[in-house]
Each structure stands twice: as C-alpha cells, then as structure tokens.
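Read top to bottom, the protein sequences are chains A and B.
Start counting the first sequence at 1; every next residue gets the next number (this note's numbering).
Start counting the second sequence at 1001; every next residue gets the next number (this note's numbering).
What the hints contain is simulated information worked out from the structure, not anything from laboratory work.
Please note that the accuracy of each hint is not assured.
[Claimed, not checked] The calculated label-pair distances, taken between Cβ atoms and stated as ranges, are:
| id | chain 1 | residue 1 | chain 2 | residue 2 | range |
| --- | --- | --- | --- | --- | --- |
| 1 | B | Thr1358 | A | Pro401 | 26 to 36 Å |
| 2 | A | Asp268 | B | Arg1251 | 42 to 52 Å |
| 3 | B | Tyr1195 | A | Gly378 | 29 to 39 Å |
[Unchecked claim] Reference listing, derived: stretches of chain A covered by chain B, where coverage requires no fewer than 3 residues with Cβ under 8 Å from a Cβ of chain B:
| id | segment |
| --- | --- |
| 4 | 355-364 |
| 5 | 393-399 |
From the three backbone atoms N, C-alpha and C, an ideal C-beta is built for every residue, glycine too.
The residues making up each chain are set out below.
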Amino acid sequence: MTIAADKAPPAIELIGIDKSFGPVHANDNVNLVVERGIIHGIVGENGAGKSTLMSILYGFYEADAGEIRVNGEPVRIRSPREAIDHGIGMVHQHFMLVPPLSVLENVMLGAEGGPLLAEGAGLIRKQLAELGREYGLEVEPDAIVGELSVGLQQRVEILKALVRGAEILVLDEPTAVLTPAEADQLFEMLRVLKGQNKTIIFITHKLREIMNLTDRVSVMRRGEIVATLETSETSPPELADAMVGRKVILKIEKGPARPGRVALEAKDLVVRDDRGVVRLDGVSFALREGEILGVAGVAGNGQSELLEALSGIRPLSSGEILIDGEPVPAPKRNPQMERLLGVGHVPEDRHRVGLVMPFEACESAMLGFHREPVYGTGLLYDRRAIIGDALHKMKAFDVRPPSPLLKTANFSGGNQQKIVLAREIERNPKILLVGQPTRGVDIGAIEFIHKRIVAQRDAGKAVLLVSVELDEIFALSDRIIVLCAGRITGERRPEETNAQDLGLLMAGVSERAA
Amino acid sequence: MSSPLKPLPVWADVALIPLVNVAAAFVISGFVVLAIGENPLQAVQSLILGALGDLGGIGYTLFYATSFIFTGLSVAICFHAGLFNIGTEGQAYIGGLGAALVALHFGFLPGYTLAVAAIIGAALFGAAFAAIPGYLQAYRDSHIVITTIMFNYIASAIMGYLLVNVMRKPGQMNAESAPFRDTALVPQFHEVLAYFGIKWPDTPFNLSFLLALLCCLAVWLLIWRTRFGYEIRTVGANPTAAVYGGISPARVTVITTLLSGALAGGMAANVILGDQHRLILDFVGGFGFVGIAVALMGRAHPVGIVLAAILFGILYQGGAELAFDMPKISRDMIVVIQGLVVLFAGALEHMFRRPVATLLARRTTHPPI
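Just chain A, same shape as in the assembly:
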C-alpha cells in the first residue's frame, strides 16, 4: 500500500464544514482529509452527521460555512451534477436504479449522448466491457436490473459512477442490503478499485467492516470528527469508545437459561408471500418459556414471513401453530386474537409496521391495544388515561424525551424502537416475538434493548429473536435455528458454534450434506 501524501494533493479536503438544520448542528466545523488511492472509512452512530457530510460533498446540500477541495483545488459543489463533474461518484444505500430497464439503459440514463440512442449505447457497451475487464466488474449489459440480485444491482450503481468518470467513490452503508457473501465480493471489488488508484470513502456503522476493509478511519460523533486513525493501529473497542464517547459492553451479561414448558410450537408451517411464492416450507420448532430462540439467516429467507405467520398477520397455507399446547384455529388467527392469547410482537420494520409516524407518541404506544378498556370505558377515549399510560411506558423504557404528545416521527430511531418494545413488553406477554430489535439503533440503545430482552427471558417469557446481525444472535440466544430458503437448515447452541459454522448453514449447506 502506498500513500502518496508527499507528492500528490489529497483527493478530498473538507475544511471547517459547518451545517445546521434549524436548532440541530449536524456538522460542526468538520475537517477531513482523504488521501488519493486509499479506502477511507467513516464510522459513527445514526445521526452522527455522516450522511449530512457526504450529502454536502455530493452537492445535495450546501454547507453553511467551510471549503471543499478536490485534488487541492477549492471547488463549489451545488448539485450532484457538479460533484460528478469533479469526479465524485456516490452509491446510495437505496439504489437509484430503474428496475424494468436493462443494465445498459440504467448506466446510460442521463448520459445518452444525443437524441438517438444507438451511438451512445454502443459507446457505453464498450465502456462496460472495458470496466468489466479492468476491475472484474462483469455484468450482463442486457440483463433487466429488476431481475438481478441486490449485490449485482449495487455493482450496476458502481459502474454508473465509473462510466461517468468517478475517481472518488462514496459508498453510503453499502453492506446494509447485502448477504455476507455479497459483502465479501463488494470488498474484493473495492480493493481492486483501490489498486487502480481510485479513492473510496466508505460509510458504515459496522466496526467489523472498517477493520476488514479500510486503510484509514474517521470517527464522527454528534456532528464532529473526533478521531482519524490508521486502521492497522486501532481496534474495534477503541473505535466503539470513540463513537459513543464512553465504554460500551459489547457482550451482554446473562446467566444460563432455565427453559420451562413449551409455550409455542410450530408444526410444518408453509407460508406464501403476497405473490404466492412459498417463503416458509415445512418449518417446525418449539419455543420454551424462559429461553431466547434465535433465528439466524440472510435477510429474505423466510424470517419476515415466520414472524408474520406467528403474529397472525399472514395466513398459513398449511401447518399448525400451538400456543400452550392448544392449536390456534385458522379463523381466529389474526393479530388481535394473538395479542389476547399473550403474544407480543416487535416487528422488524418499525416505520412501516410497528408505529404510525404522524401520530403522537401516546397514540403509537397503544397501537394494537387501542380497544382495551384502560383507555376509556365509554364511547370516547379517556385522553388522560392514554397519556398517562404512554408516560408510564416511556419512563419504564427510558424513552427520551418522555413526551407522550410529541409526534412519533420526531423521536430518534432508538427511542422509537423503545416505544415499540415498551408497548409490547409492558403488556406482559407470555410469548415475545422480536424482529431486528436493534436495526438502525445507536449503540447506547442497543445495550438497553438487549438487557430488556434478556430480562424478559429471565422472567420466564418465551422469546423468539429474529435478527440478521450474527453478533446479536450470539449475544442473546440460548438456542439458534438457521433459516435458508424457507427451511430450517440447522440448530445450534451458541457456545458450540461459530460464525463460520452458522455461515455454512445460512448458505444452505445442511447438516446431512456437510
């Protein structure tokens, strides 16, 4: 690895960047130097200002103060178009692709080169072939983007940037949507790009990726860059400390499980999604009181459908669910009934499912329980009871600020998640279904949420935990089952397994085959 800091000017210099949104100081006098030809990681909690900083670099916002230099030249970047002109390309977390169009058409979009497409298309086709050879970024140019895997779609995004002459590539949380194997491929690709003297800025909140991939790392906290370190000279605990500003326990303290009776049993569940595709294919397991059963797997292998089926949102095509040994008959299987049977459900997606963002927090805090008499026995709601109940829940779960009348959308991700947890746990369910409890939640809140889940187990509740974060599965589970393509490919105890072993199961290499 050569860092040509002495001769060539840095690829990017951000000097004294300041940006406020009303009272929120999103970027506070940020100074960042990114050398040419390296992979520079930026880590920080949600809301630390990473995305704002990159949006300023890519021209989505203009900074209130400060200077941007590209290759030593001061520049003004007022739009993404100007950023592209300066050789800056961005790969967004949510792809900016047109699914029904082909790869070629997507890459060409905005660079058609004239009213007739043939000439431009030929040129781009040649460029794609060259890039494919040079960087190992082969994609079939005539494939329809919507039919490609997520990993390949991301590759198309990168190609789009390269075709437009990007020398500096910004990737915003690129692995959030990828399987572990796809992430590895992405890292390989980025290393090749680095070898060709491209500069890569890699934004993430996963420390493992920083350690794996980057040459240098900057840590952001509350709008400031608090440290810039050589990756080889730092460690995950040091970075985590810098991110939150205090020691965090990445490993949760928990005693041995004392499993009791079977609380929930799934027998040969077959579940189809909205399009009729089978997403769960004969899944059976038993969940006992006083244990946390972790469901591991790459996202999209049936975990969501499992949660939806168990919580009564999605009907079973066949199979049976038993609660306390009693089968739940199909007509009764709806979310309302399941709640009455003592099933709490923290859904995977709090924005789309778990909360109603425009509602006051107190209204979100009664979703699903809104018919209960505690909120008023007559025709009308008892507002005081609703607000009091929400305040009680918010205090019990340290939701900040504890303001029941504040709009749900105005809470941070971690506090929104705490509202959902408080709603489901404070009802004292026998069975708790938890999906991705810490997705998009900052480290401080992760610890809190993990402790609460373990506390539920210790109180004798049966907890089913679905998570795509292996660290979380390992930290919390007493037993782990692995889902792949809608089937259970294996069951393990956390102390008897490791990430490689689970990785094989997640990839569908089942025990008998291995």
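The hints should help you fit chain B onto chain A, whose structure is shown.
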C-alpha cells in the same frame, strides 16, 4: 436540491397559509376584473356587501355555507382514512331522493318527526350509494376515485329518469316531484325567529345549519376521540401498521365511506327539505365537488371546514350579487373567481408553504436521518 421543511407552527398552518392562498386568489381575480375593464376594488366591495352587507345576504351566505359544511365533512372524513371520495356530488343527489321518498310517502308520521325521518332518509340513501364504491375499494381493489366519479354519472342518470318518468306529477311540465307537506320541511330561521317575535328577512337559511354544526362536533369527536376514529386515522396514515395492530382496513374503508355518504345526504336535507320543498333536477349543482376544495382548505378539520364553507358561501352569495351589480361581470366570471380560490387553496395549497416557512424561520431545513 430542495430539502424538507421544518414543520410550521400550528397557527400558521391553519390560519396564515389559507389566508395567503385566498389573498393570492383574490389578487389574480382582481387582474381578471381589471382586464375586462371593471374596477376590482368596486367589485370586491360589491361582493362583500352582497354576501355580508345585510341580514338577507348573510342568510343566503349561511344557507350555502351549510351545504358546503356537509359536503366538506363528507370529503374530509374519507381523507382521514386515506380515501379520496369524489362521489359526494352523486351521494348528495341520491340523498335527496331518500329525503323526498320519506317526505312524500311517510305522511302518517306525526308532526315534525316526518322532517326528522326525511333527514335520516337522506343520510341513509347517501350512505347506501357510497357503500358500493366503498365495498369495491375494500374488497375488490377498484380505486375509489374512479368508481365514485362514475357513480356521479349513475346518480345523475337515475335521478333524471326518476324525476321525468316516475316522480313527476302528472300534467306537470317541470321534472320535479310533488311539493312536500309542511311537516316534512326543515324550518327556516326567519320562521323560527318570527315565532319569537324577531324579524329576519325571508331567506332559505334553515335549521340544517345547526345540524351541520352538530355534525362538525360529532366528526371531530369521532376522528380524535373514539376507537373507530383511531382506526380510521391509522388506516389512513399507515395501512400496514393498521393490519399489525389488528385493524381491518377493508372494514374501516367500508364504514368510513358509509359515514361519508351519510354526511353528503345532509347537503340534500339542507337544500331539498330546507329550501326547495320538493325534489328537483340538479339541486346539488357542483356543491359536492366544491366540498373537495372546502375539505382541502379546511385541512380536513371541522373548524377549518366551517371557516372554508363560510368563505365559499360568501363567494356564492356575493358572486350572485356582483353579477347583478356589474353586468360586465357575468355569472361565469364568478365561476372563474371561485375556480381561482379552489386552485390556490386546493391544488396549489403548498405553493406558499416554503416562502412562509422561510419567512418565519431563517433556517428551514431538517437534518437527514
């Protein structure tokens, strides 16, 4: 690149923005009046005086406003469930049929219970006519905008047929029903006040106005203070969360459209039972469509709807007087002015949002999270 706006303070949202929108509509209208060679200031004066200058004007203004409150509420309640009911026009029309059938055939009912029954008839018929698009939306995924637009034509055809061929009094040229008996009528205010010895000019302004205000209160309570209102708002704001919360969006959709149709029927009660005293052709006359503008301008809130309804009442009544005072300004001109108000308050509702927000707070943006 535009950035999301900081939310406006409530007072700006409910009062300032609508006022700015209406002012803009009036300024443009002023130029139109100028263009046809009349004095816009004089026109405004004529319009205001015509609508609010004397008790008679006020009576007509409030009579129109009553209709707008009903149609506005009808559209607004659907807004809360995320439904765009364009069918208030047709539902009010069919509601009029319900009122007339009760008024003509339930004569055995004692005293003013006949009027009450006729009002209920209007609500039931309006609801029944809304039920079909509601059901199709809920269980057959037929978009309610499309079905309600078509149902307006169906309503128009049904009523034309019935009035010409079935309900017309034999030997009568006009396509209208026989007049109702007195106990089927909603008393007009000047009659009520005369009973107490107070003089008020003879206007169609009737007790339906009180019913409209009562409906406003009821809708407010329903939406913000009851379980069903909570379910309506949840379905409107986040249908997947509603399903998760054990709410059936289909059921909410059907019941909400029923309520919407019933409120539309209130408009028929105001016009048919309170003013015309017989069923006539085209008595809705676009009031259902204006209800969309009223609901938008009133931000689907009952208080806002009352204010917007009164504004539109002023435009209707004042506009009629204006056409009378200034012959150059024809009835069509009034429609232009009303159209501009609808345009600015409805379609371009958000146009002044950004400038106003910028004025109120220098920093208008919001951190990306």
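Problem set entry | Numbers of the earlier hints that this structure fails to satisfy, in rising order | Numbers 2, 5 - these are the hints that the structure violates, sorted from lowest upward.
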